[in-house]
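Start from the sequences, fold in the hints, and give me the full structure.
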Amino acid sequence: MLNPLETVSIIRFKNLDIIPVEKEVYRYLGVSPKDLLDLPLFKKKNTGFAELVEKGIREVQALILPAVVYGEQEIKKTEGNNIFFENFAVASSSLAVNLKDCSKATLVAGTIGPRIDRLIQKTSRFNAGLSGIYQAAGAMFIEEVIEKLNLLINERAGSLGYETRPRFSPGYGDLSLETQKIFFGFLKPEKIGLTLMDTLVMAPEKSVTAFIGWKKRKQKDE
-18 MLNPLETVSI IRFKNLDIIP VEKEVYRYLG VSPKDLLDLP LFKKKNTGFA ELVEKGIREV
42 QALILPAVVY GEQEIKKTEG NNIFFENFAV ASSSLAVNLK DCSKATLVAG TIGPRIDRLI
102 QKTSRFNAGL SGIYQAAGAM FIEEVIEKLN LLINERAGSL GYETRPRFSP GYGDLSLETQ
162 KIFFGFLKPE KIGLTLMDTL VMAPEKSVTA FIGWKKRKQK DE
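Each residue of the sequence shown is one higher than the one before, counting from -18 in this note's numbering.
Watch out, some of these pointers could steer you wrong.
To be verified - Derived DSSO-like pairs (lysine-lysine); straight-line CA-CA distance at most 30 angstroms: (1) Lys24 with Lys4; (2) Lys26 with Lys(-5); (3) Lys85 with Lys196; (4) Lys81 with Lys169; (5) Lys199 with Lys129; (6) Lys81 with Lys57; (7) Lys(-5) with Lys162; (8) Lys57 with Lys197; (9) Lys(-5) with Lys103.
In short, the hints are calculated from the structure, not lab data.
Shown next as structure tokens:
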């Protein structure tokens, strides 16, 4: 449950709260869209591979430490490509388009913890294929963690008469990775174990930051 009274809040999920989406793992592994349409048939034709994927998903789920930190910011005004929030400003034409007509946004940061990074690094030394499956499973799990939070944000926004925009992350379009510094300054995601390196890459690797815009929902008679 999102806490509207807190400027910045944290949720720590249990690993079993994050339901794996098997098809997404296969997509990350490069399985063709045609084969994804009939995944049971693909798995039947590739039994050994399918068993390895299932094993990889179970092993990764056992190790994830899902956590998110999030906070809301009013959007004061937008001038051209510059979006002025309560405590900071961001220059990005891509983000300005994404947040068009939005009056506020939720900033989110999430991670599945460092143990997956260590598993991938260790396994890559002797089994590149299995390491790739761990990579794909990790990518799927962090997306599901952020999606779980996204649903809670949608619920809160809806209850207040808003609809939300698709989330938008640093690195998309012309939104610079320098924007990561804003997330770390506002959310302090170090509290959930996230670190921003000098390269502006986050550690653990399977982590995400994003803006989620709030747009006032139109009334039926408008």
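Evaluated hints:
For the hint linking Lys24 to Lys4, the alpha-carbon distance of about 11 angstroms falls within 30 angstroms, and the restraint holds. With a C-alpha separation of about 34 angstroms, the suggested pairing of Lys26 with Lys(-5) is violated against the 30 angstroms cut-off. Among the hinted pairs, Lys85 with Lys196 is consistent with the structure: their alpha-carbon atoms are about 7 angstroms apart, no more than 30 angstroms. Taking the CA atoms of Lys81 and Lys169, the gap is near 27 angstroms; set against the 30 angstroms cutoff, the hint holds.
Between Lys199 and Lys129 the CA atoms are separated by roughly 25 angstroms; this keeps the pair inside 30 angstroms, and the hint holds. Annotation: proposed proximity of Lys81 to Lys57 holds, straight-line Cα distance about 12 angstroms (limit 30 angstroms). Straight-line distance between C-alpha atoms of Lys(-5) and Lys162 comes to about 28 angstroms, which keeps the hinted pair within the 30 angstroms bound. Taking the CA atoms of Lys57 and Lys197, the gap is near 15 angstroms; set against the 30 angstroms cutoff, the hint holds.
Between Lys(-5) and Lys103, the direct Cα distance comes to roughly 24 angstroms. Compliance with the 30 angstroms bound is thereby established for this hinted pair.
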